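What follows is the residue order along each chain.
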Amino acid sequence: MSDRDTIIRVEEVTKRYGKVTAVDRVTLEIPRGEFFALLGPSGCGKTTLLRMLAGFEMPSEGKIFIDGVDMSTIPPNKRPVNMVFQSYAVFPHMTVFENVAYGLKFDNVAKADQYGRVMAALADVKLDHLAERKPDQMSGGQRQRVALARALVKKPKVLLLDEPLSALDAKLREAMRFELAELQDKIGITFVMVTHDQDEALAMACRCAVMDRGKLMQTATPSNLYEFPANKFVADFIGSVNLFEGTLEVDEPDHAIVQSEELGGRIFFDHGVSGAGGEKMWVGIRPEKIELLKREEGSTPPTPEDAPSGCNVTAGTIRQISYLGSESIYEIDLINGRRMQVSRPNLSRWDQEDFTWDDEVWLRWHGDSPVLLQS
Amino acid sequence: MARKVARAPLDYLNMPAMKAWLAGVFIFLYTPLMILILFSFNDSKANIVWKGFTLKWYVKAFENTQLREALLNSLLIAGVCTIVSVVLGALMAFAFWRFKFPFKGPLESGMSLPIVVPEICFGVAVLLFFAKIGFPNDLPYPFNLTQIILAHVTFAFPFVAIVVRARLESFNPELEAAALDLGASRYQAFRDVIVPHMKPGLIAGGLLAFTLSLDDFVITFFASGPGTITFPVKVYSMVRFSVTPEVNAASTIIILITVIATVLALRAQAATTKES
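These protein sequence lines are chains A and B, in that order.
In terms of the numbering used here, the first sequence opens at residue 140 and continues consecutively.
In terms of the numbering used here, the second sequence opens at residue 9 and continues consecutively.
Keep in mind that the hints were calculated from the coordinates and are not lab data.
Just so you know, not all the hints are guaranteed correct.
[Said to hold, decoys possible] Here are the simulated distance ranges between beta carbons:
#1 A:158 - B:107: 22 to 32 angstroms
#2 A:199 - B:107: 47 to 57 angstroms
#3 A:159 - B:203: 30 to 40 angstroms
#4 A:476 - B:109: 37 to 47 angstroms
#5 B:27 - A:310: 46 to 56 angstroms
#6 B:105 - A:212: 21 to 31 angstroms
[As the list claims (entries may be wrong)] Computed from the model, here is a short list of chain B residues facing chain A with C-beta under 8 angstroms:
#7 32
#8 146
#9 186
#10 188
#11 190
#12 191
#13 192
#14 202
#15 204
[Claimed, not checked] Below, simulated SDA-like cross-link-like pairs (lysine to any residue); rule was C-alpha separation at most 25 angstroms, straight line:
#16 A:244 - B:207
#17 A:250 - B:59
#18 A:217 - B:106
#19 A:250 - B:191
#20 A:273 - B:199
#21 A:217 - B:107
Here the structure is a predicted model, which is why all the values come from computation and not from measurement.
Beta carbons: idealized from backbone N, C-alpha and C, even for Gly.
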């Protein structure tokens, strides 16, 4: 990536509050025009990082460059970024129009041009018909649009969003996901969003950075985060996962085998993993990548004939079922007592009746499904 | 057989005995004031028997030059005291809200000291203070009111500070951050976002300061000299000889001003709680 295409560069940034390290040596590059998400549990440092981009906090160490300019000495009101706050922070004593026009006062925009720009920004968020309203006469969703228009009217190089959807109700939240993504696509400004909601990040962002306890865990596209997590934390934080501790027994270029006491057997990989043999490792398997099959008394494991060694099979008993409509989640006790989670889409209207409590089942997954995690 | 019926808390107000009690309390509280106002319209020199309606005591009160001057002094003092108290109180509230500094806790508690110290002590302290520093007693009007104004500001501005401080608690700090983010300087953010939020508190505190200053007697009595009589002090000196309906009329006017100021203050405060 050349420097010209990078809008934000975070270099070895650390932020300390007394003895607490909120952000720990984070390095990031965000290309121009990307929808980027900072994802992590509360207290992971993602909001502190966002506030450092906005200029409300200064790094204890390291540097932040926005569009190639070092931001070390630049206060928030002189930065080419604008923010949508978690509480929206719409000025309650101003009308919608005045709210959106407020930031233009400081940009030397001619009075004549102000009206047009404010109305255009309001039209972008579909609020142009409510310009004369006061914020207390609006819903939460509408106030958020005001906050969006107020930030976008300044034509920032980067728009920062702090938990933009957390205060909305479930239906509206889903609608706003698409709308924000569409808006970003339309205006082409780089968006940096902070969220603790993995669904939100996966649904909207081009790329996500997952943070934990101040450290950057992994930066990747949503599908790479999900399918190729870098470590246990990412695997567990993004979606659900069954994790098994084990040791690497065989590591050939075309296959690998992990011996796991926790699973009570071996896990077969149909690809090489290039790790040092014998080391303690973890294997992660997503619940939807496991197939459930009925198990009769005394039957043998149902390995498919075309890939006899390419599959992993283990036996268990269904203990819990969560029926969620589009899918059902089964909690299954393996023979060694370890619990595993399997999800199964309800493709037909009768699918959920296939399995019930205390059913004996085979669990089968392909050698391509598990991921090997070193930390 | 009488059955006991469970009562909701508000139902107690519907009991006749409770209503009578409530009425009794109000009568006890307000009868003296009602009599004072009533007899200000009485066509008789004695405050004993009703002889008929008249406005002549109001005319007489207005024709009393000394009383008029005292009222003017009181309004001028209250006006200046309000402005100074609002500025000082707001700044103090803002400082306590925004900054961290050594001894902040004790200082913040000390803020309400002028409110709890008995007025008589405060009055003596003010008298001693001005005597000690040799504050000039012979300044021309209206500067001869300075001592009273200073004394009033001393006890009035903590009230403003407390009201504004409480108002600032409900301020969302993200509003200020948003103003900065949109390009405002720290001062512009203060002016455009924080001050509008403080406004109901400023109005309520200001009216409180105005009312307190207008009807203060004890402290004023110690801080005033022969040429600086305020309205309450003048009324007191008139009453020492005899309570004439003229005093009733003058007092009624003060009651009116005070009630209006209080109602406005309460309204401003109601707006405070409703908004946030």
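Problem - Hint numbers contradicted by this structure - result: 2, 4, 7, 8, 14, 17
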